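Here are the chains, one letter per residue:
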Amino acid sequence: MKQIVELIINGDSHDVIVEEHRSLLDTLREEAGLTGTKKGCDVGDCGACTVLVDGQPVNACLMLAVEASGKRVETVEGLQSASGALHPLQDAFMRHGASQCGFCTPGILMMARQLLEENPDPTDEEIRFGLSGNICRCTGYTKIFDAIRSAAQEMRTTRETEVTL
Amino acid sequence: MRRFAYHEPSTLEEASKLLVELGDDAYVFAGGTDLLVEIRERLRKVSHLVNIKSIPGIRDISWDPATGLTLGALVTARQLETLTGVQQTYPNFAEALRSLGSIQVRNRATVVGNICRASPSADTIPPLIADGAIIHYYTPQGMRRMPLSEFFTGPGRTVLKRGEIATGIILPAPEANSVRAYIKHGRRKAMELATVGVAVSFVREGNRCSQARIALGAVGPTVVRATGAEAILNGSLLDDDVIDRAGVQAMNDCTPISNVRASADYRREMVNVLTRRAVRTALEATA
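These protein sequence lines map, in sequence, to chains A and B. Counting with my numbering, you get residues 916 to 1080 for the letters of the first sequence. Counting with my numbering, you get residues -10 to 276 for the letters of the second sequence.
Keep in mind that the hints were calculated from the coordinates and are not lab data. The reader is advised that the hints may include incorrect statements.
Unchecked claim - Derived BS3-like pairs: lysine-lysine, alpha-carbon spacing no greater than 25 Å straight-line:
#: 1; chain 1: B; residue 1: Lys150; chain 2: B; residue 2: Lys34
#: 2; chain 1: A; residue 1: Lys1058; chain 2: A; residue 2: Lys953
#: 3; chain 1: A; residue 1: Lys917; chain 2: A; residue 2: Lys986
#: 4; chain 1: B; residue 1: Lys42; chain 2: A; residue 2: Lys986
#: 5; chain 1: A; residue 1: Lys954; chain 2: A; residue 2: Lys986
#: 6; chain 1: A; residue 1: Lys954; chain 2: A; residue 2: Lys1058
#: 7; chain 1: B; residue 1: Lys178; chain 2: A; residue 2: Lys917
#: 8; chain 1: A; residue 1: Lys917; chain 2: A; residue 2: Lys954
#: 9; chain 1: B; residue 1: Lys34; chain 2: A; residue 2: Lys917
#: 10; chain 1: A; residue 1: Lys917; chain 2: B; residue 2: Lys6
#: 11; chain 1: B; residue 1: Lys6; chain 2: B; residue 2: Lys150
#: 12; chain 1: A; residue 1: Lys954; chain 2: B; residue 2: Lys150
#: 13; chain 1: B; residue 1: Lys42; chain 2: B; residue 2: Lys150
#: 14; chain 1: B; residue 1: Lys34; chain 2: A; residue 2: Lys954
#: 15; chain 1: B; residue 1: Lys42; chain 2: A; residue 2: Lys1058
#: 16; chain 1: B; residue 1: Lys34; chain 2: B; residue 2: Lys6
#: 17; chain 1: A; residue 1: Lys953; chain 2: A; residue 2: Lys986
#: 18; chain 1: B; residue 1: Lys6; chain 2: B; residue 2: Lys42
Owing to the predicted nature of the structure, the values given are computational and were not obtained by experimental measurement.
Same shape as in the complex, but just chain A (with noise of 0.2 Å):
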C-alpha cells in the first residue's frame, strides 16, 4: 500500500508518496532527491546514513518513512546556513581533512551536530563514545576528532561573543 507522507526536511514541508516497506533512508534520496545521506550497510552498523528526527541521531535506514510522517527531518543538506556558509563542523571537516572518501562524512557530521548541541566541551572519551556508531574505513579517526574538536571550540567562541555583544 502507498500513503501520502508529510516529511518535514530541513525546515521544508514535503508531501512524497511512499510505500509502506520503503525506509527513511531510500525516501530521502530516491523520494526527495537529497542523496547526501548516504546507503553504507543498509542495516544500522555503520551509521552513514545518520540523520536527526525530532533532533535525536538515528540511522534512516533502521526507520520507515510512514513512521517520519510529521517528523522533523535534518539532514547534510541542510547543515550550512541559509545564506550559503558552511557549519563550524563542515568548515573544520576541509581545513583538518577530516574526510578521504566522504562516504561516511554525512553521517559523522550529524552525529557530532548533535553531539555538540549536547555539549559544547566534549572530551575525546565523549566524542569517541558519540561517534562509536559511525565508521569509517579510511583514516582513521583522528583528524575526525581534531576536527570537531576545532569546531567545538569555535562554536564556543561564536556563542561567548554573541553573548558579549
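Based on the hints, put chain B in the right spot on chain A.
Same frame as chain A, now just chain B:
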C-alpha cells in the same frame, strides 16, 4: 526491503486482535532496530507489521521509591541511559544500556523490544533479571505479570502467545545496602554483541552477602540464573576464597555453545573470570 503490510492500531485490544487475525507472519513493531534488519536480510518472513507506537499509555517512565522504576514498552534505551536517576540507582542496567548498539540505534530501540526479541546475548536482560524485574503483558483475558526470569522459553522465544503484547516492566527499588554490576565481554567496545554478559546483584552487610542474584548472558539458550554460584555467595563472607568458588560454580551453571564469536570453552572460562570481577566491582562501587 521485502514488502509487508503496515498497521497502526490505536489500542492494545485492536493490536492484539490484528495479531491473531493476521497469523504467524505478523509481528509487533516498536523500535524496529532488529526486526527491520531481519526483514531486510530475509532472516524472518514478515507479511504484516503491527506498529504499536500510536497506542497510548505505554510510553511513560516513572519512578517511585516504593515500587521502583516503571517503564512502558515504547521507552527507548537512550531515554533511560540519559536519566541521571537510572545511572545512580541502577548502574548495572545503565552500563548495559550504554553498551547496546550505538546512540543512533538506542534512540530507536526499546528496552521491552530488546527483551521480547529474547536473544540469549541481549544486553539489557542480565541486569534486569539480576535486579528482579517484573514484565507486564496484555492478553485478551486481561493484564498479566511475571518475573522476567520466567519469561523466556528458548532463543528468540518467550511465554507470549499470539495476540499477547508486552506492555512494560517494573524494576524494583534497590534494597538497602544492595550492590550491583554488569560486565559485558566482547571484542569491540561499541556495536558489539556480547560474547558473555554477567550481571550480579546482592545485599551486603559488611562483607556478608545475601539475596544474591547472578544472571549470565550469551552462555545458554536464554539468559540464565547462576543459582549454584548464588548459593555459594548467600550467607557467606565475601573473601577471595568464596568469590573464587562462586566463579568456578558459575561455569557449571551455564551451557554455552561454540559459534562465530567464541568457543564454548572460552565462554565458560570467561563466565568464571567475569563473575568474580562483577562481584568485586559491585563491592568496590560502594566501598
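Taking the hints in turn, this is what the structure says about them:
For the proposed pair B:Lys150 and B:Lys34, the alpha carbon gap of about 18 Å is at most 25 Å, so the pair holds. For the given pair, A:Lys1058 sits about 20 Å from A:Lys953 by alpha-carbon distance, which is consistent with the 25 Å threshold. For the proposed pair A:Lys917 and A:Lys986, the alpha carbon gap of about 18 Å is at most 25 Å, so the pair holds. The hinted pair formed by B:Lys42 and A:Lys986 meets the criterion: a straight-line CA distance of about 14 Å does not exceed 25 Å.
Between A:Lys954 and A:Lys986, the direct Cα distance comes to roughly 21 Å. Compliance with the 25 Å bound is thereby established for this hinted pair. Proposed proximity of A:Lys954 and A:Lys1058 is supported: the alpha carbons are some 23 Å apart, at most 25 Å. Restraint check: the Cα-Cα separation between B:Lys178 and A:Lys917 comes to about 40 Å, which exceeds 25 Å; the hinted pair is violated. Between the alpha carbons of A:Lys917 and A:Lys954 the distance comes to roughly 23 Å, so the proposed pair stays at or under 25 Å and holds.
The hinted pair formed by B:Lys34 and A:Lys917 meets the criterion: a straight-line CA distance of about 21 Å does not exceed 25 Å. About 23 Å separates the Cα atoms of A:Lys917 and B:Lys6, which keeps this hinted pair within 25 Å; it holds. Among the hinted pairs, B:Lys6 with B:Lys150 is consistent with the structure: their alpha-carbon atoms are about 12 Å apart, no more than 25 Å. Distance hint between A:Lys954 and B:Lys150 is unfulfilled; the C-alpha atoms sit about 37 Å from each other, more than 25 Å.
Restraint check for B:Lys42 and B:Lys150: the C-alpha separation of about 20 Å stays at or below 25 Å, so the hint holds. About 24 Å separates the Cα atoms of B:Lys34 and A:Lys954, which keeps this hinted pair within 25 Å; it holds. Straight-line distance between C-alpha atoms of B:Lys42 and A:Lys1058 comes to about 40 Å, which puts the hinted pair past the 25 Å bound. Between B:Lys34 and B:Lys6 the alpha-carbon distance is near 20 Å, which keeps this suggested pair within the 25 Å criterion.
At roughly 20 Å between alpha-carbon atoms, A:Lys953 and A:Lys986 fall within 25 Å of each other, so this suggested pair holds. For the hint pairing B:Lys6 with B:Lys42, the CA-to-CA distance comes to about 16 Å; that is within 25 Å, so the pair holds.
The earlier numbered hints that this structure contradicts are 7, 12 and 15.
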